[in-house]
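Asks: Chain residues, written in single-letter form:
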Amino acid sequence: MASLYCLAFVVAALTLSNPIALGALTLGVAGAAVGAGAALELRRAARFAVPLMATICVINAVASRDGVTVIVRLGNVPLYGQTDITLQAMVYGAILGLRALALILAAALYTATVDPDELLRLFRRFSFHSALSATLATRMVPLLTRDAGRLADAQRCRPGESASRVQLLRATTSGVLDRALDVAASLEVRGYSQARRLPRARTSWSRHDIAFAASAASLTALSIAAHLAGWERFQAYPTLYVGAGGSVLAVAAVLLGVAWLPFLDRHGVVR
Amino acid sequence: MILSFDQLTYTYPGAPHAAVRDVTLEVAPGEFVVVAGASGSGKSTLLRAASGLVPHFYGGELAGRVTVAGMDTREHGPGQLARVVGTLFQDPETQVVMGTVRAELGFGLENQGEPPQVVARAVEEVALALGIAQLLDRSTSELSGGELQRVALGAALAGRPSLVVLDEPTSQLDPVAGDELIGLLRRLNEDHDTTVVLSEHRLERCLPAATRVLALVDGEVVCDATPTEFLAWAGGAVPAMQTPGARLLEQLGLVPVAGVKAARGALRAAGVDLEQLPAQPAVSPPPRQPYLKLSSITKRDAPAALALRHVWHELKGGATILRDLSLELQPGELVALMGRNGAGKSTLLRHAGGLMKPTRGKVECAGRVALLLQNPADYLIHDRVDQETSKAALARVGLDPDRYGARHPRDLSGGEKQLLALAIVLGDGAEIVAPVAVLLDEPTRGMDRTRKGDLAQLLRGLGVAVVVATHDPEFAAAFAERVVLLADGGVIADGPVAEVLTGGSYFATETARILGGAGGALTAQQGAALIKQSLEARTEVEL
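Sequence lines, in order, name chains H and S.
Numbering (our numbering) for the first sequence: 14 to 284.
Numbering (our numbering) for the second sequence: 13 to 555.
Lysine to aspartate or glutamate pairs mimicking EDC-like chemistry, simulated, CA-CA at most 20 Å apart: (1) S:Lys369 / S:Glu326; (2) S:Lys429 / H:Asp166; (3) S:Lys403 / S:Asp423; (4) S:Lys544 / S:Glu287; (5) S:Lys328 / S:Glu154; (6) S:Lys369 / S:Asp336; (7) S:Lys429 / H:Asp160; (8) S:Lys429 / S:Asp414; (9) S:Lys273 / S:Asp285; (10) S:Lys429 / H:Asp191; (11) S:Lys403 / S:Glu428; (12) S:Lys429 / H:Asp195; (13) S:Lys429 / S:Asp466; (14) S:Lys273 / S:Asp191; (15) S:Lys328 / H:Glu54; (16) S:Lys374 / S:Asp336; (17) S:Lys369 / H:Asp166; (18) S:Lys403 / H:Glu174; (19) S:Lys328 / S:Asp500; (20) S:Lys369 / S:Glu340.
Partner residues are not named here, just some residues of chain S that face chain H (Cβ under 8 Å, in silico): (21) Leu65; (22) Asn387; (23) Tyr391; (24) Val437.
Each pair of labels, with its calculated beta carbon distance range: (25) S:Ser151 / H:Asp195: 12 to 22 Å; (26) H:Val179 / S:Gln537: 48 to 58 Å; (27) H:Leu156 / S:Gly379: 30 to 40 Å.
In case anyone wonders, no lab produced these hints; they're calculated from the structure.
Only a predicted model underlies this, so the values are computations on that prediction, with no experimental measurement involved.
All C-beta atoms in this analysis are idealised placements derived from N, C-alpha and C, irrespective of residue type, glycine included.
Sequences are here, hints too, so could you generate the full structure?
Replies: Spelled out as structure tokens, the structure:
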């Protein structure tokens, strides 16, 4: 259910464009992460996402030729021509950045809270071997990262001339192949080659599952409805229009409420 | 019969010789079989044949027949045999493939197409049987080596196989986790009648649980007997396979038996009063700062080869790995660094070797420090052995340059790779300055007793200060003159080897455990001499 909940944030981030609504959505993801005990993971993701947001804003401001309110004239840039920075391009860049931030935070929430094995179970019904390969790849990444760190340490311990990049690459590849062979042997003795289609499992939903499913459905429906009905209007070009009336504020408030509501009932949740 | 080999001969692809030759034997349900032998003797191959990996996974040429629960392995691959054979290998890291423990335990059964209710019940039961129920919802990436190996064993056992084959499953574990694993296997064998076939180098650990021992030499079964018969045979035929306890009994003219309890019983039955033996030496407390306790007067006057002074290693998250640790190493001193996993041994060596910087405190050394980390293969980057280091360096560690020079480093055996990596870090003393201290992190993992003995001799002959982090008290007794015992990042015992290794049960040799640490006897020879002395003294008093 956690994967559907995270997916709803992604859909909302791609649908909404008003900065107030997008801001509320970002706040909603952050609040959900705090509620799920994944605030640290989100903070780590934000450290990467906030500079990215600023970069997107600057790139759009410089690259976009739309907008009528010029705030800085950079003059004639070789190969690019006359370059003006407009208010509209700046704001639109900031909106794109905010959307990227919401998406990255939703992805971080997903990584921190969703059990990959549950997801594998979901996809195994369609393509077992591909799903397992993806899971194995995910599991092997930290293992191989540790191997690479170990190899680098061993090379630092070698006296004399340091190894060339090609030699190191070859040694790393050999190590990866050794690992792959061991994993393949483990899979063989566990009957991977004989794997059959997983029987359909009937699982009962807890009240938390129901709450998160309802929240995910509401978030998706609200963001699509708000976009289609024009409750969260935003226009960047040629002139700027940001809807800030009662409807967008109501959409923002409901978004926050819907996102946080499942966390109100925490009885029976082990922290 | 649950497992039978009928004139099995198998050769790996491209190998010049057969790995196992003309093996014929049968294993009955409920047996606990230990497969003994030196590295390269064919132990792993025999187990791979039982699980179907040989020949289906490794290829090669197979002659003869292997039958598992009535299934011929030539017709049934490892996937089909997985219903009746559970398999466990050495490295826990590469055996666990799923994200959570619960999913891992159920993986094999799901592959067999079992319905979810059956999988759920099997997972629950195997988790309870192995004492890992509290780990069920943990991520596999968070588990320690011992926990991972238990989970891998659980995954192998979840389908209630009638046969479990295990290839040196404790070689990567500390003594505590290793003993726990053997204990679990013993209980499974006794309570559930599961047939166990286990290969292991440290026989003293698993022989007490065994009902039968197969000894392999150069791919041939040279002994197939009960543990007691095997120990008596090994004393004459392959002494390196004999356990220290058996050697002790044999030197006293008694019939060798397996296990500490049985050995004590045999000694008592022979009239040895274990309680009247001289007391064990007092264990030195950890030294106060500055460290002054040195091994000899001559060394006391020499400047330290290596010194760690009030070293702290604190992680950003808050955990403290090394806690105000001070240690001084004199030139030529031979030190064994012991302690359970996570005690700080590897971190200490990394600080001493310059790979890490202390968050507080300092490390001083009188020259270059050579550091050999746990995995020797990480040091090997060339296509030929003689490209890795000079011929002089190879000769120094006992690798004949003419014999090994042209070989590919990755084709060497585990013990030979260890020696090559040691040659690389030592250098030849000409182009590369000779080190003042050599540090080795768990160099004996997966090594047989003969190779361990050779390594101990080599290290003793280097003539420089040597520190070896090890879990193996027998190796520490053979190589070191001083033992430093770590716990929670600090030194809890530091003294001569006879003091520290006789003062406990986990960090003690088998002889010391049998004799309760009496007289500081660590080896079978010392133990036998002590008992003979005690018996002679008693005879004189009686006269």
